[in-house]
Structures are given as structure tokens and as C-alpha cells.
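Colleague: Its first residue numbered 1403, the sequence shown is counted upward by one per residue in our numbering.
FYI, nobody ran anything at the bench for these hints, they're computed from the structure.
Don't take every hint at face value.
As the list claims (entries may be wrong) - Derived CB-CB ranges, DEER-like:
(1) S1447 to Q1564: 20 to 26 angstroms
(2) A1575 to A1552: 37 to 43 angstroms
(3) L1404 to D1570: 28 to 34 angstroms
(4) P1515 to A1412: 24 to 30 angstroms
(5) S1434 to R1582: 43 to 49 angstroms
(6) S1434 to L1583: 43 to 49 angstroms
(7) H1460 to C1566: 17 to 23 angstroms
(8) H1581 to A1508: 15 to 21 angstroms
(9) Q1480 to A1591: 53 to 59 angstroms
(10) P1515 to Q1480: 22 to 28 angstroms
(11) R1582 to E1444: 29 to 35 angstroms
(12) R1424 to R1576: 36 to 42 angstroms
(13) H1507 to E1426: 34 to 40 angstroms
For every residue, glycine included, the Cβ atom is placed at its ideal position computed from N, Cα and C.
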Amino acid sequence: MLREIVLLTAPDVIVHRVDHCRGEHHDPAEESAAAYSITFVERGSFSVRSGYDSGELHAGDVFVTHPGDVYSCRHADQMPDDVCLSVSWRRAAIEADDECSSIAHASCRRIIPRNNRLRYLGWRVTRCLTVPDMSFAAEGIALELWLAVATDSLRTPFRDHQLCWYADRVEAARELMQHRLSERLTVGAL
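From just these sequences and the hints, can you work out the full model?
Modeller: Structural data, given as C-alpha cells:
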């Protein structure tokens, strides 16, 4: 049985963690997506079959849905241990923004292999969850997430510690720029 734990509810976005309760597991024959969602596989693996894409997802991979998408997930284990972080937007929130809607529909791929940009953005979403009153930041990341989903990445994925090293530095530079808006900052200073 799937368990969804809501981590953030904002006017246009919901972030939740999905895992499995202990006990007997049964994969439904098919599921239908209710929202625009980008789901990060944090741990474990499972297979997905949809009208757009089919394949195996592992930690670091991303699964994308649009409202009405029909898909099925299959687990090899009787007691699945996969954990996912899902960011879901209200349909109107995506479709009211022409740029975001266009980008969200730019790709028919639903399975996105792990790449540095999406892993960094997943890291940012998780970080937003730890800061009080940061729901606006999670909502603001929508365009960046959909751009990353629609763009192919040819770069070799970083190892976990390397990605964290870069992410920490990017965030430090972002925070410095936010606190020193009136100053002229150089790349070297950052």
C-alpha cells in the first residue's frame, strides 16, 4: 500500500513524499495522474509503463505526469522500499502561465534519467521544505523544473558528494546575492 506524506501545501503546489507501508504490497493494474507532477526517485527502484515511455526507474531518476496520463508501476520485490519526492501543481497553475504550459508540454518523455540539473533542483525543493514560509520558493521553482525536464542532458551525472558540494556553493552564492542586492558583485567575489 502506498503512503503519501504531505510535506508542503501551497496555493498552487503540493510536495509530498511517497513510500510503502509495511505489509503485503499490491501494484494496481493502472493509475491515472490527477495533476502535473515531477517525481524524484530518492531510493529504490520500480518499473513504469505508460503510453509515452516505459522503463526502469532508479534513485536519481525522475517520473513526469500530466493530468489524465495513465500508467502502471511494477515492483520486483514483495516489500518495495522505494521512496519518492513528488512535486504536483494544480492544473490551472501550469496552464495559466503560457511559458510554463508550453515547456511542460514540450516533451513526451515521462521517464527522465538522472541528471545534474534535475538532481540539483530536487535538492533545492527539499531545502525549501526546511525553511519556514518558503512555499513561494517551491512554487517559483516550477518553471526551472519543467525546463530541466524538457531539456536533454548530455553531461555525466555527478556523484552524490560532488553534487552536494556544488549545490552548497550555488546556494551560498544565491543567498549572498539576495542579501547584497544593492552591491555590484563579481563572479570572482561570489
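Colleague: Are the hints correct? Go through all of them and say.
Modeller: Consistency of the hints with the structure:
Between S1447 and Q1564 the CB atoms are about 22 angstroms apart, so this pair conforms to the stated range of 20 to 26 angstroms. At about 25 angstroms, the CB distance of A1575 to A1552 disagrees with the hint of 37 to 43 angstroms. Against the hinted window of 28 to 34 angstroms, the Cβ-Cβ separation of L1404 and D1570 comes to about 32 angstroms, which satisfies the hint. Between P1515 and A1412 the CB atoms are about 29 angstroms apart, so this pair conforms to the stated range of 24 to 30 angstroms.
Range check, S1434 to R1582: Cβ separation about 48 angstroms, and the 43 to 49 angstroms hint holds. Between S1434 and L1583 the Cβ separation comes to about 45 angstroms, which falls inside the hinted range of 43 to 49 angstroms. Roughly 19 angstroms separates the CB atoms of H1460 and C1566, a value that falls within the hinted 17 to 23 angstroms. A beta carbon spacing of about 35 angstroms between H1581 and A1508 contradicts the range 15 to 21 angstroms that was offered as a hint.
The supplied range of 53 to 59 angstroms is met by Q1480 and A1591, whose beta-carbon atoms lie about 55 angstroms from each other. The hint said 22 to 28 angstroms for the Cβ distance between P1515 and Q1480, and at roughly 27 angstroms that hint holds. In this structure the hint that R1582 and E1444 lie 29 to 35 angstroms apart at CB holds, the actual value being about 34 angstroms. As the Cβ distance of R1424 to R1576 is approximately 39 angstroms, the hint placing it in 36 to 42 angstroms holds.
Remark: the range hint 34 to 40 angstroms for H1507 to E1426 is upheld by a beta-carbon distance near 38 angstroms.
Consistency note: the structure conflicts with the earlier hints numbered 2 and 8.
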